[in-house]
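Take a look at the letters that make up each chain.
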Amino acid sequence: MSMLEIKNLHVRIENREILKGLNLTVNAGEVHSIMGPNGSGKSTLAQVLARRENYVVTEGEILLDGKDLLAMKPEDAACEGVFMAFQYPIEIAGISNVYFLRSALNAIRKYHGKKEMDAMDFMPFYKSKMKLLEVDESFMTRSVNEGFSGGEKKRNEILQMALLEPKLCILDETDSGLDIDALRIVANGVNAMRSPDRATIVITHYQRLLDYIVPDFVHVLVDGRIVKSGGKELALTLEEQGYVGVEAEARATAVAV
Amino acid sequence: MSTDTKIIDTFVEGEYKWGFVTDVESDDAPKGLNEDIIRLISTKKNEPEFMLEWRLKAFRHWVKLEKQQAEPRWANIKYDTIDYQDIIYYSAPKSKKDGPKSLDEVDPEILLAYEKLGLPLHERERLAGVAVDAVFDSISVATTFQAKLAEIGIIFCSFSEAVQRHPDLVKKYLGSVVPYSDNFFAALNAAVFTDGSFIYVPKGVRCPMELMTYFRINAADSGQFERTLIIADEGSYVSYLEGCTAPTRDKNQLHAAVVELVAHDNAEIKYSTVQNWYPGDPVTGKGGIYNFVTKRGKCEGVNSKISWTQVETGAAITWKYPSVILQGDNSVGEFYSVALSNHWQQADTGTKMIHIGKNTRSTIIAKGISAGHGQNTYRGGVKVLKGATGARNYTQCDSLLVGDKCGAHTFPYIEAKNSTARIEHEASTSKVGDDQIFYLQQRGLPKEDALSMIINGFCKQVFRKLPMEFAVEAQKLLSVSLEGSVG
Numbered sequence: 000m001s002m003l004e005i006k007n008l009h010v011r012i013e014n015r016e017i018l019k020g021l022n023l024t025v026n027a028g029e030v031h032s033i034m035g036p037n038g039s040g041k042s043t044l045a046q047v048l049a050r051r052e053n054y055v056v057t058e059g060e061i062l063l064d065g066k067d068l069l070a071m072k073p074e075d076a077a078c079e080g081v082f083m084a085f086q087y088p089i090e091i092a093g094i095s096n097v098y099f100l101r102s103a104l105n106a107i108r109k110y111h112g113k114k115e116m117d118a119m120d121f122m123p124f125y126k127s128k129m130k131l132l133e134v135d136e137s138f139m140t141r142s143v144n145e146g147f148s149g150g151e152k153k154r155n156e157i158l159q160m161a162l163l164e165p166k167l168c169i170l171d172e173t174d175s176g177l178d179i180d181a182l183r184i185v186a187n188g189v190n191a192m193r194s195p196d197r198a199t200i201v202i203t204h205y206q207r208l209l210d211y212i213v214p215d216f217v218h219v220l221v222d223g224r225i226v227k228s229g230g231k232e233l234a235l236t237l238e239e240q241g242y243v244g245v246e247a248e249a250r251a252t253a254v255a256v
Numbered sequence: 000m001s002t003d004t005k006i007i008d009t010f011v012e013g014e015y016k017w018g019f020v021t022d023v024e025s026d027d028a029p030k031g032l033n034e035d036i037i038r039l040i041s042t043k044k045n046e047p048e049f050m051l052e053w054r055l056k057a058f059r060h061w062v063k064l065e066k067q068q069a070e071p072r073w074a075n076i077k078y079d080t081i082d083y084q085d086i087i088y089y090s091a092p093k094s095k096k097d098g099p100k101s102l103d104e105v106d107p108e109i110l111l112a113y114e115k116l117g118l119p120l121h122e123r124e125r126l127a128g129v130a131v132d133a134v135f136d137s138i139s140v141a142t143t144f145q146a147k148l149a150e151i152g153i154i155f156c157s158f159s160e161a162v163q164r165h166p167d168l169v170k171k172y173l174g175s176v177v178p179y180s181d182n183f184f185a186a187l188n189a190a191v192f193t194d195g196s197f198i199y200v201p202k203g204v205r206c207p208m209e210l211m212t213y214f215r216i217n218a219a220d221s222g223q224f225e226r227t228l229i230i231a232d233e234g235s236y237v238s239y240l241e242g243c244t245a246p247t248r249d250k251n252q253l254h255a256a257v258v259e260l261v262a263h264d265n266a267e268i269k270y271s272t273v274q275n276w277y278p279g280d281p282v283t284g285k286g287g288i289y290n291f292v293t294k295r296g297k298c299e300g301v302n303s304k305i306s307w308t309q310v311e312t313g314a315a316i317t318w319k320y321p322s323v324i325l326q327g328d329n330s331v332g333e334f335y336s337v338a339l340s341n342h343w344q345q346a347d348t349g350t351k352m353i354h355i356g357k358n359t360r361s362t363i364i365a366k367g368i369s370a371g372h373g374q375n376t377y378r379g380g381v382k383v384l385k386g387a388t389g390a391r392n393y394t395q396c397d398s399l400l401v402g403d404k405c406g407a408h409t410f411p412y413i414e415a416k417n418s419t420a421r422i423e424h425e426a427s428t429s430k431v432g433d434d435q436i437f438y439l440q441q442r443g444l445p446k447e448d449a450l451s452m453i454i455n456g457f458c459k460q461v462f463r464k465l466p467m468e469f470a471v472e473a474q475k476l477l478s479v480s481l482e483g484s485v486g
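Respectively, the protein sequence lines represent chains S and B. Residues in the first sequence are numbered from 0 upward in steps of one, following numbering that gives the first Met the number 0. Residues in the second sequence are numbered from 0 upward in steps of one, following numbering that gives the first Met the number 0.
In case anyone wonders, no lab produced these hints; they're calculated from the structure. It cannot be assumed that every hint is accurate.
For each label pair, taking beta carbons as the anchor points, the in silico distance ranges come out as [claimed, not checked]:
id	chain 1	residue 1	chain 2	residue 2	range
1	B	Trp73	S	Phe124	52 to 58 Å
2	B	Asn417	S	Met139	40 to 46 Å
3	S	Asp64	B	Gln460	55 to 61 Å
Mimicking EDC-like on lysine to aspartate or glutamate, the simulated pairs with C-alpha atoms at most 16 Å apart in a straight line are [to be verified]:
id	chain 1	residue 1	chain 2	residue 2
4	B	Lys351	B	Glu423
5	S	Lys109	B	Glu423
6	B	Lys430	S	Asp215
7	B	Lys30	B	Asp82
8	S	Lys72	B	Glu423
All C-beta atoms in this analysis are idealised placements derived from N, C-alpha and C, irrespective of residue type, glycine included.
Kindly generate the complete structure, drawing on both the sequences and the hints.
Here it is, written out as C-alpha cells:
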C-alpha cells in the first residue's frame with residue numbers, strides 16, 4: 000500500500016476551481032518534488048493535505064496509509080503524521096518555542112496513547128535538533144516566530160519537523176526568501192530526516208533547492224493537473240525550457256496518444 | 000460564511016461553571032434603603048457611634064446624588080436602570096452561636112460551597128500557606144492564620160472585626176483614600192457596606208505569606224457591598240489576593256465594592272484580583288453581576304509602591320478603575336490588567352495614575368479581549384500635577400478581537416502640567432486569525448487548545464505579575480470562559 004494516494008482531486012476555493020483532477024501516489028522512503036508556475040495549484044495541494052478548512056474538495060479522494068484523509072480535522076491529520084512547513088510561518092506572541100513545541104509533541108503523543116514527555120526529557124531532545132538546524136539556543140525562549148527573520152522562520156519550521164517526526168513532510172516553498180547558507184542548512188535538516196518509512200513532498204518554483212534536496216520524482220503541475228512526471232532530470236529540463244515549453248510538449252504528447 | 004465567522008459563532012457556548020446556590024438559612028433585612036436600614040446594619044454589627052455617623056453622612060450624600068441623577072453615565076456600558084429600593088442590603092448566614100471561632104464551627108454548607116469553588120479551606124490552610132479570610136455574602140465566616148500573623152504584628156481580619164478591635168486604625172484610615180463623597184457607588188458602599196477585609200502591616204514587617212480573600216455572592220437579590228482597607232506602614236510589604244465568584248441568578252445583582260490602600264514611606268502593596276462573577280446567560284445576556292467598584296491606592300510616603308494586577312473574566316457589567324495617587328516622592332504605581340468580555344459582557348475598565356510627588360513613576364499594561372458580542376473598553380487617565388517634576392508614565396494598551404461581532408474601545412486621557420514629565424502611550428488592536436489557529440492545529444493541537452494558547456500568549460505580560468497559584472487559576476479561568484468558542 001502506498002503511503003499517500005491522491006485520486007482525481009478537484010478543489011475549489013471561493014467558487015474557483017484550482018485543482019482539476021490531480022493524481023499522485025507517494026510511497027514511503029520517496030522524495031517527490033512538485034513544480035509549477037504561479038497559480039498552478041501547488042500551495043492549494045499542500046493546504047488540502049494539511050486539511051485547511053476553506054478549501055472545498057468537490058471530487059476525488061486522498062488516502063493516507065489507507066485512511067480517508069479528507070475526513071480528518073487538521074489536528075488529526077497532524078497527529079496521523081502529516082506535517083506542513085509553511086510558506087509564511089505565523090507569529091504567535093507570548094508563547095515560547097519550547098512551550099509550543101512540547102505542547103504539540105505531547106498532543107501527538109496523547110493521540111497515539113503514549114505518555115506525555117516531561118520537560119526533563121524534552122530539553123535534550125530539543126537541543127539535539129537545534130544543533131542540526133544550526134539554531135541558537137535563545138530560540139527556545141523566544142516567542143513563536145515573533146521578530147524572526149525570514150530565514151529564521153524557515154529554519155524553525157524544519158526544526159519543528161525534526162522534532163515532531165512526521166511520516167509525510169510537505170515543504171511549501173520553503174526555499175523562498177532563503178539565502179544560500181540558510182538554504183544549505185534547511186536542506187541538511189530535511190536530508191537528515193530521509194528514511195525508508197518517511198516520505199517528503201517538496202513544493203518549489205526553482206530547481207535550485209533540488210540541488211540540495213535531490214528528489215526521486217519530479218512532477219510538473221500546470222493549471223490544476225500534473226502534466227508531466229519524471230526523475231530528477233526533469234527539473235533541469237524545466238530550468239532550460241520553462242513551464243511553457245514543458246506544458247506545450249505535454250499537450251502535444253497527450254494529443255498524439 | 001468564512002471559517003473565521005464560523006469559529007466565532009461557536010463562541011457563545013461556554014457555560015458558567017460556578018452556578019450553584021447554597022441553601023443556608025439567611026438572616027435578611029427587608030428590601031429597600033433608608034436611614035432605618037443603615038441603623039439596622041450598624042446595630043447588627045454592633046458598631047461604635049463614629050461608624051454609624053459616617054454611614055449616615057454617606058447615605059445622605061448618596062440620596063442627594065440620586066436626586067440629582069448623578070449615577071455615572073459616562074462609561075461605555077448599557078444596562079437597565081437599577082432599582083435601589085428593590086435590593087436587600089443586609090444578609091448574613093445564621094449561625095448557632097454568635098460567630099464561628101474556628102473552621103470547625105463554620106456551616107458545612109458554606110464550606111461545601113468553597114469546595115465547589117475549588118477552595119477547600121483546610122487544604123489551603125495546610126498546603127498553600129495562604130491565610131484565607133472568606134467573605135460569604137456579607138459576613139466573614141472564617142479567618143485563618145490570624146494568630147500566626149499577629150505574632151509579627153500583622154492584623155488580618157474581617158472589616159467588622161477591625162471595627163471592634165482596632166477602631167482607632169479604622170477611624171484614621173477609613174475614607175482617607177476613597178471618601179464617601181467620591182462617587183455615587185462609593186457613597187452607596189460607605190452607607191451600606193457590611194464586611195470585607197482589613198490588613199495592617201506594621202513598620203518594617205514583610206508579610207511572609209500571600210493574604211487572600213474569596214468573595215462570593217450567594218443570597219438572591221442581595222447586593223454585596225464589601226469594603227477593604229489595607230495599610231502598609233513604613234518599610235513594610237504585603238501581597239493580597241482577592242478572588243470572586245457568584246452563583247447563577249436570573250436577576251442582576253449589584254456589586255459595589257470599595258478598596259482603599261495606603262502605603263507609607265518605603266512600603267509596598269501588591270493587590271491581585273481574579274474576578275469571575277457570573278457573566279449572565281451566554282445566549283440571552285440575561286442576569287449576571289453588575290460590578291461597580293472603586294479601588295484606589297495612595298502612595299503616601301516616599302519610595303512607596305502600589306501595584307494592581309487584575310484578571311477580569313466575569314460580570315455582566317464591569318466598571319472598575321484601580322488607581323494610584325502618587326503623592327510621595329519617587330513613589331511607583333503599577334496597573335496590569337486582563338479583561339475578557341465574551342457573550343454579552345461589557346467591561347469599561349482601566350486605571351488612573353495621579354502624579355503629585357517628584358520623580359514618581361507609573362506603568363500601565365492593559366490587555367482587553369473581546370469575543371462573542373462582548374464590548375471591551377479601556378479607560379485610562381494619566382495626570383501629572385505641577386509639582387511632579389521628573390514624572391514618568393508608560394502605558395501599553397492592547398486589544399484582541401475574537402470574531403466580528405465584538406468590540407474594543409480605548410479612551411486614554413493624558414494631562415501633564417509639568418514640562419519635565421515623560422509620558423509614553425502605545426496601543427494595538429489585533430484579531431485572532433484563522434491562520435494562527437490553523438498553524439497550531441497543523442502541529443497537532445486541538446482547536447480550543449490553539450485558541451487558548453494564543454490568548455494566554457497575549458496575556459502573558461500580565462500573568463507574569465500574578466502570584467504562581469493565581470496565575471494557574473487565571474489561565475484556567477480564561478480557558479473556561481472561552482470554552483465552546485471554536486467549533
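Okay, the hints, checked on the actual structure:
1. Taking the beta carbon of each, B/Trp73 and S/Phe124 are about 56 Å apart, inside 52 to 58 Å as hinted.
2. Checking the proposed 40 to 46 Å range against B/Asn417 and S/Met139 shows it holds: the Cβ atoms sit about 44 Å from each other.
3. Between S/Asp64 and B/Gln460 the Cβ separation comes to about 44 Å, which falls outside the hinted range of 55 to 61 Å.
4. The suggested pairing of B/Lys351 with B/Glu423 holds, with an alpha-carbon distance near 15 Å, which does not exceed 16 Å.
5. For the proposed pair S/Lys109 and B/Glu423, the alpha carbon gap of about 46 Å is over 16 Å, so the pair is violated.
6. At roughly 42 Å between alpha-carbon atoms, B/Lys430 and S/Asp215 are farther apart than 16 Å, so this suggested pair is violated.
7. Our distance criterion of 16 Å between C-alpha atoms is met by B/Lys30 and B/Asp82, whose separation comes to about 11 Å.
8. Pair hint S/Lys72 plus B/Glu423 does not hold up; C-alpha atoms about 45 Å apart against a cutoff of 16 Å.
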